[in-house]
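The primary structure of each chain is shown beneath.
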Amino acid sequence: MLDFIILMAQNGVSNMDVLSVDQFDIKQLEKIFSLAESIERRLKDKKAAKELAQKHFDKQICTLFYEPSTRTRLSFETAGLKLGMGVVSTENAAGFSSAAKGETLEDTINVLNNYGLSAIIIRHTETGAAGKAASVSKVPIINAGDGTGEHPTQALLDAYTIKKHFGRLDNLKVVAGGDLKYGRTIRSLCRLLALYPGNHVSFVSTPELQMADDIKQLLQKSGTTYDETDDVNKVFADTDVVYWTRLQKERLENPGSIDSGGFTLTADNISKLPKEAIILHPLPRVDEIDPEVDKDPRAKYFEQAGNGLYIRMALLDQIASS
Amino acid sequence: MLDFIILMAQNGVSNMDVLSVDQFDIKQLEKIFSLAESIERRLKDKKAAKELAQKHFDKQICTLFYEPSTRTRLSFETAGLKLGMGVVSTENAAGFSSAAKGETLEDTINVLNNYGLSAIIIRHTETGAAGKAASVSKVPIINAGDGTGEHPTQALLDAYTIKKHFGRLDNLKVVAGGDLKYGRTIRSLCRLLALYPGNHVSFVSTPELQMADDIKQLLQKSGTTYDETDDVNKVFADTDVVYWTRLQKERLENPGSIDSGGFTLTADNISKLPKEAIILHPLPRVDEIDPEVDKDPRAKYFEQAGNGLYIRMALLDQIASS
Amino acid sequence: MLDFIILMAQNGVSNMDVLSVDQFDIKQLEKIFSLAESIERRLKDKKAAKELAQKHFDKQICTLFYEPSTRTRLSFETAGLKLGMGVVSTENAAGFSSAAKGETLEDTINVLNNYGLSAIIIRHTETGAAGKAASVSKVPIINAGDGTGEHPTQALLDAYTIKKHFGRLDNLKVVAGGDLKYGRTIRSLCRLLALYPGNHVSFVSTPELQMADDIKQLLQKSGTTYDETDDVNKVFADTDVVYWTRLQKERLENPGSIDSGGFTLTADNISKLPKEAIILHPLPRVDEIDPEVDKDPRAKYFEQAGNGLYIRMALLDQIASS
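Residue numbers (numbering that gives the first Met the number 0), protein chains in the order written: chain H, 0 to 321; chain R, 0 to 321; chain C, 0 to 321.
DMTMM-like cross-link-like pairs, simulated, lysine to aspartate or glutamate; straight-line CA separation at most 25 Å:
id, chain 1, residue 1, chain 2, residue 2
1, C, K100, R, D289
2, R, K274, R, D293
3, H, K49, R, E50
4, C, K137, R, D295
5, C, K163, C, D21
6, R, K131, H, D289
7, R, K100, H, D293
8, C, K294, H, E102
9, C, K215, C, D230
10, R, K100, H, E291
11, R, K137, H, E291
12, H, K131, H, E102
13, C, K233, C, D295
14, C, K49, H, E50
15, H, K137, H, E125
16, R, K163, R, E302
17, C, K172, C, E275
18, C, K180, C, E207
19, R, K137, H, E302
20, H, K294, H, E39
21, H, K180, R, E102
22, H, K271, H, D239
23, C, K45, H, E50
24, C, K180, C, D229
25, H, K100, C, E125
26, C, K274, C, E302
27, C, K131, R, D289
Everything labelled a hint here was simulated from the structure, so no lab data went into it.
Put together the whole structure using the sequences plus the hints.
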């Protein structure tokens, strides 16, 4: 069980921090996915679920959110509770806490380090904040999203969803669509897909929101092929996974300039998808997927959100068991 | 124990949702009150209270509040904790969550449905929001107030308080005073009183804030008599229950136009009340009950607020036991 | 175990409220410190920690914060959880709750008194609010800071930190520096030091922010000597405890008028301190202690913050065991 921790340490991540998808290699990923699967199975068994719900009754975790993200916070907190943990929480650390009085993140972490917590789950507006926290923390830090940086548990749950459906993360055809430039989740998913052989990614977006060069280079280096298009009809017929994203208007300087109309999934354009394909979305969804698509058995985005529970339980269980 | 669930289903409320007082008939109400009484009794017994506090240790509930209502939220959360449940919570879902990014309530519920929760307790600014949530939810929804709509657990605790004191909910003389037009709680209480025979309601208010016709018609149909007056002195001498309410200034377009002075309960005007009468108020109270009334043994509003704990525990216990 | 409760009652504090440092005499303080020490020891023993984490599983506490103080709130909540308690919480009672509708603090407390809670931990902007709450509450009230008034658990943890290091709270030389006029924590610490014989306090500040006369008179009466200076170099050579504080700019009318530059602890000026001295700070720290000081073994402020956990657990354990 400690394998993936040791490997993390080898990758330069101290302790049991979960900071970036880059810290994981295939062996660690498979370990996490297998733990998540085991937890998912146990939660469906009443007796096993009760055992889980008592397992870490003497442990406490803290969700330290400098930026609201109710969905992510509630997922982590439910994960902790289902392992028996106690949860302390702040939803608006930036406005409410001593941060407003000028305290540095490092000081806040140093204080929390003396509260006897088993993990600190941090969400922050600044890229790199989770790493900064981890650099001073003896308590494991889990990055729950830091600005335009990373959100590793989202990437893990995305990959886990694909793995559960296809039984593999290699030799897949993935259409990544929507806001590729600012979309943190697609960038992270690409990083994970690049670890496995034989994947192909089709980027579908407007010229303004194309995938950045760093990810393209990373794909090339790893031997992962890709193409770019602005027409979903060209790529949907031969696809395993559609990973669709929201136009993150809050990250754009001039939101009005972009017409997302052409990038709405509808019952009509998903009709071109193979029967076995799956449609993912990190959510929240605004208007980029028509609600009528929800009924399609290939729409897996709500199940995908639920998979975050198992991934987060797997990570928290590992951390608290060490 | 499952009787009232089955009955709820017959009334067209799917699952174990608690959405409206209208979903309950007398048999169900008596079931809930008897469960609440049993829980109240068990909480006073140390050993039985400990059993309750372990009963649902493997269950989690979520309080999803789009509008702050600290009192109601804390009551539901304490109820959950006293049954051993874990609680995840958001106090300002509207401003903080993905709702701000444009997510629909239905999507939020669909996501939470995959978190393995036993119940979602929703408070919302929009009338009908709880029903909308329930229409897509597989997890039971409890309405903790939706706009000017319903707040069924408040109505249940009001009726429970009367039941506990008089041993019955029929053949009672009830004075309903204050803001009858906008007062959600009085409207709901009238609906419950109309289920039982022989009740009489005296509405005391200004002409501007009189009870609306729909409730009057409902009373008439059920054979519940009522009268209207603007003088408390006329009705207090022959009353069992005084249900007083706050002038909900935040719901008025022109708050300054209303003089609530004549509608303040004082030691003086309650002196006309019979000895066995009780004074209820949904709280918060501003100036419509003089604090000197608090010491009067007939003032039951704080105890009434506490009864919410037993009612909510009864509902949560039922839901989690099914 | 009930000794200190009885003594509290003798000092005129009803019930088991923790409102002010003034309510404690030496005997009670030593009782609390010894309990805190025992809890600290037990938390380090896995088996004993598990026993603690189950001890009060049938109790619930409420953190009722009218003013944000994330650090203090999380410390109390973790303390409760580590004793097995359930926690209900509000971070912004003023803006969110029925307080916004005009409810008095007394009414809020009266309502919460009917929720079956074991303690209410209150933080408020108004001096005296905790006492006001206690005056109507049957449930023990713990003051977690009321305006410029008191923050007794902070004072207790400060004294506990000194006690742990020196084994005593008498015959100590203490330098109290920074914002003495508005600094609630230093004022409270002086009150505790005055209970013990042979202490000497050196006040270091600007003329504008000198210690107020009431504390000086209290020291004099108790036989505690003190001096005043604006030069740290004069007093650091012969000091046991440096208690440094932040310039509370939010409490000043004209923050720009004060130059805190001369009152920054640096590796240079702490080089004059004896080897066995300790440096304390109530935190958050802004720029009044250079981060390079953190590495000095005499810097104890993060450990000090952690000691709050043991003090709060000691108080909550006492209250819940009574």
